[in-house]
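Just so you know, the sequences run in chain order C and G. Counted the way our numbering counts, the first sequence spans residues 1 to 113. Counted the way our numbering counts, the second sequence spans residues 1001 to 1116.
By construction, these hints were calculated from the structure, which means they are not laboratory data. Treat each hint with caution, since some may be false.
[Unchecked claim] For each label pair, taking beta carbons as the anchor points, the in silico distance ranges come out as:
hint : chain 1 : residue 1 : chain 2 : residue 2 : range
1    : C       : S84       : G       : K1083     : 31 to 39 Å
2    : C       : Q110      : G       : A1005     : 28 to 36 Å
3    : C       : G62       : G       : A1020     : 39 to 47 Å
[What the hints assert, rightly or not] If you want the ones that stay clear, here's a sample from chain C, every Cβ over 10 Å from chain G, calculated:
hint : residue
4    : I11
5    : V13
6    : S14
7    : E15
8    : A17
9    : R22
10   : D54
11   : G59
12   : S73
13   : R77
14   : G104
[Unchecked claim] One-sided excerpt, in silico: chain C residues whose CB lies under 8 Å from chain G:
hint : residue
15   : L44
16   : F51
17   : F90
18   : K100
19   : T105
20   : F112
Using N, Cα and C, we set each Cβ at its ideal position, and we do this for glycine too.
Each chain is listed here by its residues.
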Amino acid sequence: AQSVTQPDIHITVSEGASLELRCNYSYGATPYLFWYVQSPGQGLQLLLKYFSGDTLVQGIKGFEAEFKRSQSSFNLRKPSVHWSDAAEYFCAARSYNTDKLIFGTGTRLQVFP
Amino acid sequence: EAGVAQSPRYKIIEKRQSVAFWCNPISGHATLYWYQQILGQGPKLLIQFQNNGVVDDSQLPKDRFSAERLKGVDSTLKIQPAKLEDSAVYLCASSLGTDGSYNEQFFGPGTRLTVL
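Using the sequences and the accompanying hints, generate a full structural model.
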């Protein structure tokens, strides 16, 4: 069955520190991959997406993600975290022939000053 | 450009009662989605509409959940009767729905339902 796994439920970092959020997928073929952010009381906002090509993808708010086929991973990174980055982050995937997104369980990011 | 609108934002009901949620997608978006997000989980697709037709409702509990999208614009999601396990945030999303292209989904703020 298709699935997306985010192994870290909760991550705490200090402001200015680097960040990496992990995401692994299980699909028959390489899916399209996405990272979304959800702030309290807000809907999901797309940070970045990967379809094909360059495996390092740049997104909004200074985030980037790297696709690694050999590890079935699509980890999200940011070199220096800001307090406003505190939110819940969701990795998602879909097959090329459907709009149906399958989400991971999310990682809650807490940022300390 | 106005985003996806949802109402109400919060709803508290007792089990076995009925409840309805409303969604107004971004103007011109042909595809509309309803997701259920239970606390501690990622969103799960309940139903997808293309204009006013259903594309995927495989994960909609049809014995108690129903949804419609009259005239291919606004949509309502209804639960009747509600159970405790229906407590969740219900997210609506919309996309252009153009064939053969990537359809970014834009999400509304959600409706938080608490069933007591």
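These are the hints, each one checked on the structure:
The beta-carbon spacing between S84 (chain C) and K1083 (chain G), approximately 37 Å, falls within the hinted interval of 31 to 39 Å. A beta carbon spacing of about 30 Å between Q110 (chain C) and A1005 (chain G) agrees with the range 28 to 36 Å that was offered as a hint. Our hint of 39 to 47 Å for G62 (chain C) and A1020 (chain G) holds, since their Cβ atoms are close to 40 Å apart. The Cβ of I11 (chain C) sits about 15 Å from the closest Cβ of chain G, beyond the 10 Å cut-off, so the non-interface label holds.
For V13 (chain C), the shortest C-beta to C-beta distance to chain G comes to about 21 Å, beyond the 10 Å cut-off, and the non-interface label holds. Once the 10 Å rule is applied to beta carbons, S14 (chain C) is consistent with being away from chain G; the minimum gap is 25 Å. The beta carbon of E15 (chain C) is kept farther than 10 Å from every beta carbon of chain G, the shortest such distance being approximately 26 Å. Even its closest Cβ contact with chain G, about 25 Å, leaves A17 (chain C) beyond 10 Å, as expected for a residue assigned away from the interface.
The Cβ of R22 (chain C) sits about 14 Å from the closest Cβ of chain G, beyond the 10 Å cut-off, so the non-interface label holds. For D54 (chain C), the non-interface assignment is confirmed: its Cβ lies about 16 Å from the closest Cβ of chain G, beyond the 10 Å cut-off. Listed as a non-interface residue, G59 (chain C) keeps its Cβ farther than 10 Å from every Cβ of chain G; the least gap is roughly 13 Å. No Cβ of chain G approaches the Cβ of S73 (chain C) within 10 Å, the least distance being about 17 Å, so the stated non-interface status holds.
In this structure R77 (chain C) is separated from chain G by more than 10 Å, as the shortest Cβ-Cβ distance comes to about 20 Å. Remark: the non-interface label on G104 (chain C) conflicts with the geometry, its nearest Cβ contact in chain G lying 5 Å away (cut-off 10 Å). At a threshold of 8 Å, the smallest CB-CB gap from L44 (chain C) to chain G is about 4 Å, leaving the interface hint in force. At a threshold of 8 Å, the smallest CB-CB gap from F51 (chain C) to chain G is about 7 Å, leaving the interface hint in force.
Annotation: F90 (chain C) was flagged as interfacial toward chain G, and the flag holds, the nearest CB pair being 5 Å apart, inside 8 Å. Using the Cβ-Cβ criterion of 8 Å, the hint placing K100 (chain C) at the interface with chain G is satisfied: the shortest such distance is roughly 6 Å. A least Cβ separation of about 5 Å between T105 (chain C) and chain G falls short of the 8 Å threshold, and the interface hint therefore holds. Against a cut-off of 8 Å between C-beta atoms, the interface hint on F112 (chain C) is violated, since the closest Cβ of chain G lies about 23 Å away.
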